[in-house]
Amino acid sequence: MPEVAVAGFAQAPNVRETAGTTNGVEMLVPILAEVFAATGLSKQDIGFWCSGSSDYLAGRAFSFIAAVDAIGAFPPIHESHVEMDAAWALYEAWLKIRTGEVDTALVYGFGKASAGQLRRVLALQLDPYVLAPLWPDSLSLAGLQARLGLEAGLWSEKDLAEVAARARADATDNPAAQLSGRVDVAELLDTPYVADPLRTHDIAPVTDGAAVLVLASAERARDLVDRPAILTGVEHRVDSPVLGARDLTRSPSTEAAARALDLDGVELAELHAPFTHQELILRRALGLNGDVRISPSGGALTGNPMFSAGLARIGEAAARIHRGEAGKTLAHATSGPVLQQNLLAVLEAR
Amino acid sequence: MTKQLAAVLGTGQTHHRAKRTDVSMPGLLREAIDRAMADAQVGWDDIEAVVLGKAPDLFEGVMMPELFLADALGANGKPLLRVHTAGSVGGSTALVATSLIQSGVHRRVLTVAFEKQSESNAMWGLSILPPFQMPVGAGAGGYFAPHVRSYIRRSGAPEHIGAIVAAKDRRNGALNPYAHLRQTDITVESVQASQMLWDPIRYDETCPSSDGACAMVLGDEASGDAVPGGAAWVHSTAMRTEPTTFAGRDQVNPQAGRDAAAALWHEAGITDPLSEVDVAEIYVPFSWFEPMWLENLGFTAEGEGWKVTEAGDTAIGGRLPVNPSGGVLSSNPIGASGMLRFSEAAKQVMGRAGDYQVDGARLALGHAYGGGSQYFSMWVVGSHKP
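First to last, the sequence lines map onto chains W and C. When we follow my numbering, the leftmost residue of the first sequence carries the number 157, and every step to the right adds one. When we follow my numbering, the leftmost residue of the second sequence carries the number 1254, and every step to the right adds one.
Note that these hints are calculated values from the structure, not bench results. The model shown is predicted, which means the values in this text are computed figures rather than measured ones. One should not assume that every hint holds.
Have a look at the derived ranges for each label pair, beta carbon to beta carbon [what the hints assert, rightly or not]: (1) F230/W - D1525/C: 23 to 33 angstroms; (2) R276/W - T1498/C: 30 to 40 angstroms; (3) E190/W - G1522/C: 36 to 46 angstroms; (4) A1475/C - V398/W: 27 to 37 angstroms; (5) R172/W - S1443/C: 57 to 67 angstroms.
From the structure, some residues in chain W lie toward chain C, with a derived Cβ separation under 8 angstroms [what the hints assert, rightly or not]: (6) D211; (7) M240; (8) V277; (9) P397.
We treat Cβ as the ideally placed atom computed from N, Cα and C, and that holds for glycine.
Please construct the entire structure, taking both the sequences and the accompanying hints into account.
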């Protein structure tokens, strides 16, 4: 099987609201141009295309069709789409290159969370017969999860605020981040609750955004970038949707995916944790020791573009290798309520 | 190429109806899944990953339903993927599941596609008018009728061709115990006497709106070798996409469909599809799409597809039986319709198609399209290894 590498990455600014249309595909045009310029590729060179997005975010059926316009009218493309974070589109593209059928792929994700009321829209991911009719919104569910961890003694509100402060400080070096800057933990703890025990800083901001990533066989990738980031393992798993059927302070799907991978020697991990306490759950599930740098981009707490934030974590982890700043990195993406579904990718310079 | 061999080990589908009020969404899916797993003689421990497809989430009012369905799909603790490529999604879903095998990542994969259209109103789901886009507001029939008129004008086809297809597919559907519409007595004349809906498309030439699901178990070479009576081996796959509208786009004979077919036949080593393929399950939601897609797929030259239909060559017992299961005209759970075409092709080469089995079927086409005739997915399966 051919090895697959990340050869290029670009993302749109993570903003509270774009002025574009409800599906947000306008954000793709400049970043498609950016990865083409960086890799020297053109539309015709791409063997396979795969995207991730959601009709519910745009409030209409078939919202992903408009994205094809951002690629260009003709000729027809070899293409697929997942109604998930584009990290799972990357998984599909990774498979396609592994079959040997193509040697390049372009993966993209986009979402305009500002088009609706995100916390209510996400409630529609729940069981439609027994749970969704009660409208438990995404912040309230995360609050329940955070409360369970507090009462089990797994973390304190101060631990959570420290995660937020670190993320915002790290994001000062990330021009795409929505939130950044130095904040004082004591001041954060003085702010009111949004969904007890979560405060504003514990919750990823509503974000519009998009990301594009170029994959290639390891052989081809060497022509496109000086230091390709080889995907030495990609694993994903899902947990039960029944909130009362699992221990919400753990992430069994992340643990299972991690067991199937070699995480020894990982220098940094880009984690898709939209809530501060979820970063702590993930760090424990991954067994990461204190030497591993967590989300040096600032992570999802400083910008969480729905349906591309997971892909962007892989892009950020790959870019560190492209720039020679790391030799082995880990990226994580999540989907569904309270970390239901999780994907891990290990990237290495070779 | 480093592609591994992949095979269909078993298939299952639900009874299709306008409203399946007797089952929930998980119940509907399990009806198809349990049949597919029994047909493949596998248990849950044999399944390494699950790939689910369906058309727009607005049809059932659930955002990303794969999440709440994870329990019913037996997916907990396993990889679960969700595909959505408009009406072609059932086919694309099967192809993504196939790539899990072909890439050497998994040995056995469950794939399932569904639509429970009675949960909401599909016309509503399709009628939201986004800004800066061409409003159609006419439903699928209103969108496709001008293409059909254009096809008739370009090809010179006589007006009864559509009725021939409708009568044939509905009579075939009567042989299929799972079909939604089973009209033994339908004739060309009765189709021509039915209500005109979108000129030239009449009521009896349109697909129904169905609740239903389809599932398949796919496996690697060793799993395929173990299938009693023989598996359906994947010989080739293809997917292509073009935008909905742009100047110069040919919506009667789209380039994306022609490109996909060319890639499909090339990979399968087929040079003359009409003589080499034994049976075809083609996505025909409105009757006139049979001759149109026969041309687009390269079975005939442009403008000649209707002649094959008129000659009776596409009936069971003809040169190229098309939709012996009854096709989309007999059952249309949108998200599952493409996978039904793929699984019916597999059933034919496995010799498991019952009363609508085509004698000696060794090579079969499964085809799906979606959106405004812009998404195409297809596969060729055979009774022998490629």
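To see whether the hints hold, each was checked on the structure:
no., hint, result
1, F230/W - D1525/C: 23 to 33 angstroms, "holds, 28 angstroms"
2, R276/W - T1498/C: 30 to 40 angstroms, "holds, 33 angstroms"
3, E190/W - G1522/C: 36 to 46 angstroms, "holds, 41 angstroms"
4, A1475/C - V398/W: 27 to 37 angstroms, "holds, 35 angstroms"
5, R172/W - S1443/C: 57 to 67 angstroms, "holds, 60 angstroms"
6, D211, "holds, 5 angstroms"
7, M240, "holds, 5 angstroms"
8, V277, "holds, 7 angstroms"
9, P397, "holds, 5 angstroms"
Taken one by one, the earlier hints all hold for this structure without exception.
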